[in-house]
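Enquirer: Next come the chains, spelled out residue by residue.
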Amino acid sequence: MLTKGERMSITTSSHAVVGTPLRPLRRGRDNAILGGVCGGFATRLGIKERNIRVIFALLTLVFGLGILLYMTFWLVLTRSGEESSIIQRIFQNRREARFVLIAFIATLILIIALETTGTGASDGFGWPLLLSAFAAFAVWRGASTDERIHLTDFFNTTPVIGGAFSKSRKGILVRILLGAALVYFGLHTLNHIGGFWGQTGSAIFGTAVLVVGVLVLFAPWWLQNVRELTSERRERVRIEERASMVAHLHDSVLQTLTLIERAAANQSDVVRLARNQERELRQWLFSPDTVTNASTSFVGLVGAIEHDVENDYGVRVELVTVGDCVPDDRVTALVAAGREAAINAAKWSEAASVSIFTEVEPASISVFVRDRGVGFDLDAISADRQGIALSIRQRMSNLGGEAFINTAVGSGTEVQLVMPRSQ
Amino acid sequence: MTDSVKPRVFLVDDHELIRSGIRAEIAGSVDIVGEADEVEAAIEMIQERTPDVVLLDVHMPDGGGQAVLRAVLEHDTTTRFLALSVSDASTDVISVIRAGARGYVTKNISGPDLVDAIYRIAAGDVVFSPRLAGFVLDAFSTGTDDQPAVTVDPDLDQLTARERQVLRLIARGYSYKDIAKELTISTKTVESHVSSVLRKLQLSSRYQLSHWASERHLN
Chain A
1 MLTKGERMSI TTSSHAVVGT PLRPLRRGRD NAILGGVCGG FATRLGIKER NIRVIFALLT
61 LVFGLGILLY MTFWLVLTRS GEESSIIQRI FQNRREARFV LIAFIATLIL IIALETTGTG
121 ASDGFGWPLL LSAFAAFAVW RGASTDERIH LTDFFNTTPV IGGAFSKSRK GILVRILLGA
181 ALVYFGLHTL NHIGGFWGQT GSAIFGTAVL VVGVLVLFAP WWLQNVRELT SERRERVRIE
241 ERASMVAHLH DSVLQTLTLI ERAAANQSDV VRLARNQERE LRQWLFSPDT VTNASTSFVG
301 LVGAIEHDVE NDYGVRVELV TVGDCVPDDR VTALVAAGRE AAINAAKWSE AASVSIFTEV
361 EPASISVFVR DRGVGFDLDA ISADRQGIAL SIRQRMSNLG GEAFINTAVG SGTEVQLVMP
421 RSQ
Chain B
1 MTDSVKPRVF LVDDHELIRS GIRAEIAGSV DIVGEADEVE AAIEMIQERT PDVVLLDVHM
61 PDGGGQAVLR AVLEHDTTTR FLALSVSDAS TDVISVIRAG ARGYVTKNIS GPDLVDAIYR
121 IAAGDVVFSP RLAGFVLDAF STGTDDQPAV TVDPDLDQLT ARERQVLRLI ARGYSYKDIA
181 KELTISTKTV ESHVSSVLRK LQLSSRYQLS HWASERHLN
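Here the protein sequences come in this chain order: A and B. Using this note's numbering, the final residue of the first sequence is 423, and nothing's skipped along the way. Using this note's numbering, the final residue of the second sequence is 219, and nothing's skipped along the way.
Only chain B is shown next, with the shape it has when bound in the complex (with noise of 0.2 Å):
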């Protein structure tokens, strides 16, 4: 990690406290290039210094994480955003994930881990945390016998068996290098995996997941 060039990175959150503490844990790994704590500064600042990548908060006022989002990418894709939040409700992680954020981890998560997670984002992975995979995995699921799963297009609106396995060994805790041996395929490939995950979850009109988007409005 010491000879590849430092990933850019940008904090937005709303708590003073949160940021200082991120900064703390993450300043000697990275490069800090900007930090702000309201959705308008954010938006700016980003757009004038183009980070690698934006540590964004989900929940702020004036739209939050989700305002920030939209803005920037409208203008700007290569800006990659990785969510931070210490909220559990699935429907703020999966609006998150829709609207454009790369990854999700929640606030408690060990300073190696986050630096681990911001390199990640940098290099164009996806990073689930466990919890996040069982909030797909419930929204991808079958469908029980009172609210059958309605799929209008199969390729997006449907996982794979082998995308739903990955995603369950996620869930179980395991790594990537993990997962990689587990199922004798190479990281490579499980990055691959993630990845159309994602862009299922994200381009997906599935019912569970538009519903979501629905009630925060998003659509």
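Here chain A stands alone, though its shape is the one from the complex (with noise of 0.2 Å):
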């Protein structure tokens, strides 16, 4: 707050044109830094937003007087397209009108106390200082959801405050310093009233007793409220968490049911309409993270070998994978020449499913694509061939990998592929 006066307006002034009639007196949305009440002024009257700062600034000085102005009128005046002040809409909702009256009437006793022992009043500070601290109280209760956003992002930006409500380690650090170095001119000060073991040990005694007395007054309250809130954000994140999954159950489920409808006169189309779905609904369900990182993930990659080859051939795939790790170049290989094997057997084998088994272990990995299909006579076939001289035997023996095929008409076929692991 006391660094009103230096921090310099950031926005372009937009306080009135000189001979346009006054503008009515409201806190500022595009020219405030914090509550908008300079802002305001500076509108109102016409003058630049630095002049007034200053002027609050100077006051100040004046036992905190221009904090206590500046606090009152943040809460009396309406902020700039808001409909109404933030003590109207304190008052316009009787829990927050009791709570905030209840922090009010806390905070006079508490000035009382301190009027009677003499502590921290001698200098005229002491309440002008607690009364804006309960006002910065009121004014978070009572704020907009806009402006508490407004609010939030300049504490988080704000250098040394920002900092301090960070978890990182150079926010305890903040902290600590900050901690500590209040503490220490606090004790300063009240040695300096007189002696610390001579009236400062009674004050310090008599705050202490002050202090347990307000939090056994106030703290079941205080908790209730605290949970009250934390109930309420459980509550809500509940219903969104219900909304995404409504929402990805609509655009999945729903869309997949409403095709296998349409398309119910094509009964090869409706099984790979629905194994499609099983199958988005099984990842989704069961195994979350291969779902979002297909890229970062073996098995993620195999996963789309089993979707590409049911829906482009319309044969079902068992995939089966034990162990899983992150794909490098030999990986990629590896899957590259195992969905070629899978193609192949969705084309030609005639068979109704592959079994597609993976292995991750230590030192290699292992694919088997097999099918019960028609087999062929490796022999005859692989001179003119392609996919499996080049796609597969090759991609593997370039990455120090090998490639074995069991075949014979009539038998089906089973392709080997070990890939030894990078270390």
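Quick caveat, the hints were computed from the structure, so don't treat them as lab data. Where is the CB? At the ideal position from N, CA and C, for every residue including glycine. Heads up, some of the hints might be wrong.
Unchecked claim - Examples of chain A residues lying across from chain B (beta carbon under 10 Å, computed): (1) 278; (2) 280; (3) 319; (4) 321; (5) 322; (6) 326; (7) 329; (8) 355; (9) 359; (10) 361; (11) 366; (12) 368; (13) 393; (14) 418.
Fit chain to chain and form the complex, with the hints in mind.
Expert: Pasting the structure below:
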């Protein structure tokens, strides 16, 4: 708050042009740093924001009057573009009004207690600061969501304060330094009043008793309030989760069901659609990480083969995976070879299903692609079939892997791929 | 199959459509002695009718298939269970096997395959689908760098090299007959390997397994 004077207006001033009629006194929105009080006055009076801010800063030197005035205006003035002032908003809500009123009474008790013991009020700064603190509390309770966002942004971007609220190591350091400095100055001031073991001792004791008293009075009610806020937040999270689930089901399952109804005459289409949806839903339910990370997981890549082969060739793929790893060049080549083998099986074997089994071991990764289809004579066909020679054998041997093909006419085919892992 | 006695089968599933679908597919080959759509009724009727094989849905209200398994197997260990599910979550599969099921197949299994599985269960065999074999290999894997395997009882907590080989072949889509040919052993030996894997699966206190079980409040 005290930095108002130095933190110069970061916005282009929107103050009145000389000669135009006076505008209503509203707290500024575009030219606000904190609450927009100075900006509001600037607009109203047609003066530069900087001058108003200097005046408030100077007034602060007089018993903290500037701050108190600022906070009062913040509460009473309506923010530009809004319907009601913060104080009005507080009193519109009974629970909120009670809450703030109790806080106000607590502040008054604290002030009176401090006045009578003569602590802190001796230099005249005590009660204006306490009242301002109360006002800040009221502002936070009554601010509109929009203003709250503005304030949160403001505190998060303020160098020291923003850092103190973060949970990083730096934030903790800032907090410790700040706290230690405050404790030191507090003790120093108290000591100044009159010898630590003289009046100061009793003053500290008195303050401690006071704090405990206030805690006993207000803690249960405060806790309840916090709890209400938490349960409210939890409820909101639950509703959001449900909403995203509904959205997913609508986008996937419901759409597919419609497609199935429309394709009812074509049996193979119905099977393909249902199978597709089944696979997608399964993945969403049981292995959500591989859905989002198809590119960072070997299993995700193999899952893509299952998807494509079933979609393009209408052949069911039984995929079983053991272990997973992060893909590198070798893994990519292995998956590409496996894909070629699966497509070959789907295209030529005439089998209704293809089994793919993958296992990631410490030293190597294996992929087995098997069908129980017609099989073929390896020697007779390898010369003119580029698929096996190039896409499978060569891909594997280029990177140190091996490919074996087990087949005979009438007894199905199994392609075995083994790739050593990069160390 | 025709001259052997038809196994007596009991059906437990809370979805009428699924039950009627399964009934239509297997009714000719097996003897269906009853069906139930909820846990409590299932327990009572199974105890009363003592079927050879119970086709058990994993997911049902009031405890699901596991509740039925535990309640029935507590008094009578002759009834054999084949778990049927649409689920693919390894936790579900492993938990239901640990609770006492002797096999696990998914509901999209074809009619003849399901009948075959029922006959094998009735004969005392174990039915491992490729997917279940994959899950078991995963659960008994030798561990990774960040999560080394902790074994307490090596007899129960580790698979032998042969068992591992058999499981891999099942996962690759081989039938028991294919496996026997590939490893040049008899089909009976394949079956005994699979049974011993099932025993380890049910009795082992291996971390991965008991972790799954405790997650499901099985212990």
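Enquirer: Next, verify each hint and record whether it holds.
Expert: Each hint, compared with the structure:
For residue 278(A), the interface hint holds, since its Cβ comes within 10 Å of a Cβ in chain B; the closest pair sits about 8 Å apart. The beta carbon of residue 280(A) comes no nearer than 12 Å to any beta carbon in chain B, farther than 10 Å, and the hint placing it at the interface is violated. For residue 319(A), the interface hint holds, since its Cβ comes within 10 Å of a Cβ in chain B; the closest pair sits about 9 Å apart. Checking residue 321(A) against chain B: minimum C-beta separation of about 6 Å stays under 10 Å; hint holds.
Of the supplied interface hints, the one on residue 322(A) holds, with its beta-carbon coming within about 5 Å of a beta-carbon of chain B, less than 10 Å. The restraint placing residue 326(A) at the interface with chain B is violated, with a minimum CB-CB distance near 12 Å, outside the 10 Å limit. Of the supplied interface hints, the one on residue 329(A) is violated, with its beta-carbon coming no nearer than about 21 Å to a beta-carbon of chain B, more than 10 Å. The interface hint given for residue 355(A) is met, as the beta carbon of that residue sits about 3 Å from the closest beta carbon of chain B, less than 10 Å.
Contact between residue 359(A) and chain B, as hinted, is supported at the beta carbon level, the nearest pair being about 7 Å apart and thus within 10 Å. With a least beta-carbon distance of about 8 Å to chain B, the hint placing residue 361(A) at the interface is held under the 10 Å criterion. A hinted interface residue such as residue 366(A) counts as satisfied when its beta carbon comes closer than 10 Å to some beta carbon of chain B; here the least separation is about 9 Å, so the hint holds. Checking residue 368(A) against chain B by beta carbon gives a least distance of about 5 Å; that is within 10 Å, so the hint holds.
A cut of 10 Å between beta carbons decides the hint on residue 393(A): the least distance to chain B is about 20 Å, and the hint is violated. Annotation: interface hint on residue 418(A) violated; nearest CB of chain B at approximately 13 Å, more than 10 Å.
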